[in-house]
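K.L.:
Sequence:
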Amino acid sequence: MANYRQDPVVVHDPLNPHLVYLGVQVLEFVHRNLPLLRNLIVHLYGFNYLPILPEPVLLPGWDTLWNQLVSFNLADESAKVSLVARIFHISQHPISVTESTSLHSLHRFIGGDSLRWETIGNVLMLANCDLLHIHYRDLAGADPRQREPPVLRSEFQQVTEVFTQLTRALPYNRFLLAYHQSDDSGQSLHSSFAEIVSATYTAGFHRIIPLAGGRLSFVPQWRRRIFSMVYTMDKKLATFLDRPPLVTRQYCDMEAPADVNISDSDATGMRSEGISFDALGFTIGGKSSPITFIRLRFLLAIIKEEILELQLGTNKSTIPEKTPQILDRLDALWQSCPSYMKYTSDMWQMPLGCAETLTHLYNYLDFLHCRFLTLRLAQHDTSQECSHLLIVVAQEVLSTLLVLNEERDRVREVTTDLAPIFLPYGLPSAEILLSEMLRYGSSAVGNRDMYPSLSHAKALRNLTVYVSCLSWVSPRGTRNSSCCKKAQARLEQLLDRILDPISTVGDVAPENAGLGSDRMEWGYAPFV
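The sequence shown begins at 27 in our numbering and counts up by one.
Hints were generated in silico from the structure; no laboratory data involved.
Check before you lean on any hint, since a few could be wrong.
[Said to hold, decoys possible] Derived DEER-like restraints, expressed as beta-carbon distance ranges:
1. C380 to S494: 19 to 27 Å
2. P170 to Q94: 58 to 66 Å
3. D357 to V491: 25 to 33 Å
4. C380 to E221: 42 to 50 Å
5. E281 to E433: 31 to 39 Å
[Stated by the list, open to error] Dumping the calculated SDA-like pairs for lysine to any residue here, alpha-carbon to alpha-carbon at most 25 Å:
6. K106 to G72
7. K262 to I234
8. K106 to Y162
9. K262 to P364
10. K262 to Y366
11. K262 to I345
12. K512 to P454
13. K342 to Q276
Glycine is no exception: its CB is placed at the ideal position from the N, C-alpha and C atoms.
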């Protein structure tokens, strides 16, 4: 991310020998791994995912970014020290970014003779992003030295730790590592993300700076996109960690980023002439792109914050009034968004990439999960049996997830770990269905009066297949695999109690089962 920090930069003069030592280590790593770094970043940009540094800023002039390293002599200690000192000197001065700065100008500010630690850190961060989910086969093709994935990840972790000591400019990098290797309580994940939130507020990304003439320009929209990504991730973590969000809409401008792709075709770096937008601000007649997905997730996250206020807040008296309003807003948002953004199972037969289809599927699951949480709140408040609508949503979540079982070969080409989808979304739905079947007997879900259009047989079939999927959705030997095994064993126990109640008398009720996802590794995927 470009340097928007307002805090003063410490000048190291003369340069601390320890900082020189750390800087040399980082430069040596980058020099040795430039081809790998480029391949990882190209692979990352191939997904419908928008990193902090947009592709037009980083990739077109990749070689010129590193021209000081091209002739870097690893054996010349004085040359290495000199380059480290030069980068420190340049990095001590903020980039002169204005609201009208173009992509081309920004590229010159961050690389070449103006190479900065922030640029190096962002490249390492993007490569780390890709390493967390890249398929083993693609990783083998990306690394000219053909290192094993554990070896590569170890090397990247070491250089990340060195860079963290070198500069605190990239809290996002530390957050990614905590996101991938969070402890059981989620404390490291939560505290690491808090640093990002603090940096977002400090940089002023939560506010919109009006432009003369209302034109779209690169820098303001870039800032909006960064804020949208942070805000959306905040709501995801708050939901799954069951903690209050760190970014609240009362203190932020909540305008969503424009559904316009970044280019360098005019002076401002963005072009919107001749583009028509619908009532939600999506491009009419367009197609899905990284910013389109981010815009939709952001709009869903705004509603999710209202759900969190009811779920985690102390004023429960407003639940009966607000839950119907939230459901209406969710339905209106989903019905109004462009047809090309709405997931259907037919997409697997369309000429779409698997990663794009997974992204659509994830967005649909997120929408369903918002409905699920809202309906569950209403059900808890009235202290009545699970409503028909909640059962319908739970069934739809499982049915949507189970398509991945049919497409598992294609899915494994994109990501090797689907636990971050199967556990957070699937377990609550499975628990609701099992709870109702156990509470009211095996005929409850098949009762046409209580649950019209749903069958006991379909519910059992979906639950059985879902349980079997937990044996393959996460690689063996990982913490997620262990979580899946525990959840699988527990769900099998509950299913056995439904299918053979006489032989399983005395088992623990599902309310005490602890079927949460608090001990899982959240990992990283471009569609999450």
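K.L.:
It remains to establish, for every hint, whether it holds in the given structure.
P.N.:
Comparing the hints with the structure gives:
1. For C380 and S494, the Cβ-Cβ distance of about 22 Å falls inside the hinted range of 19 to 27 Å, so the restraint holds.
2. Between P170 and Q94 the beta carbons are some 21 Å apart, a value that contradicts the proposed interval 58 to 66 Å.
3. Taken as a hint, the range 25 to 33 Å holds for the pair D357 and V491, whose Cβ atoms sit roughly 28 Å apart.
4. Checking the proposed 42 to 50 Å range against C380 and E221 shows it is violated: the Cβ atoms sit about 34 Å from each other.
5. Separation of E281 from E433 is about 37 Å and conforms to the stated range, judged on CB atoms against 31 to 39 Å.
6. Distance check on the hinted pair: K106 and G72 sit about 34 Å apart at the alpha-carbon level, beyond 25 Å; violated.
7. For the proposed pair K262 and I234, the alpha carbon gap of about 23 Å is at most 25 Å, so the pair holds.
8. For the hint linking K106 to Y162, the alpha-carbon distance of about 34 Å lies beyond 25 Å, and the restraint is violated.
9. For the proposed pair K262 and P364, the alpha carbon gap of about 23 Å is at most 25 Å, so the pair holds.
10. Between K262 and Y366 the alpha-carbon distance is near 24 Å, which keeps this suggested pair within the 25 Å criterion.
11. Our distance criterion of 25 Å between C-alpha atoms is met by K262 and I345, whose separation comes to about 21 Å.
12. Our distance criterion of 25 Å between C-alpha atoms is met by K512 and P454, whose separation comes to about 15 Å.
13. Proposed proximity of K342 and Q276 is supported: the alpha carbons are some 20 Å apart, at most 25 Å.
The structure fails hints 2, 4, 6 and 8 (numbered hints given earlier, in ascending order).
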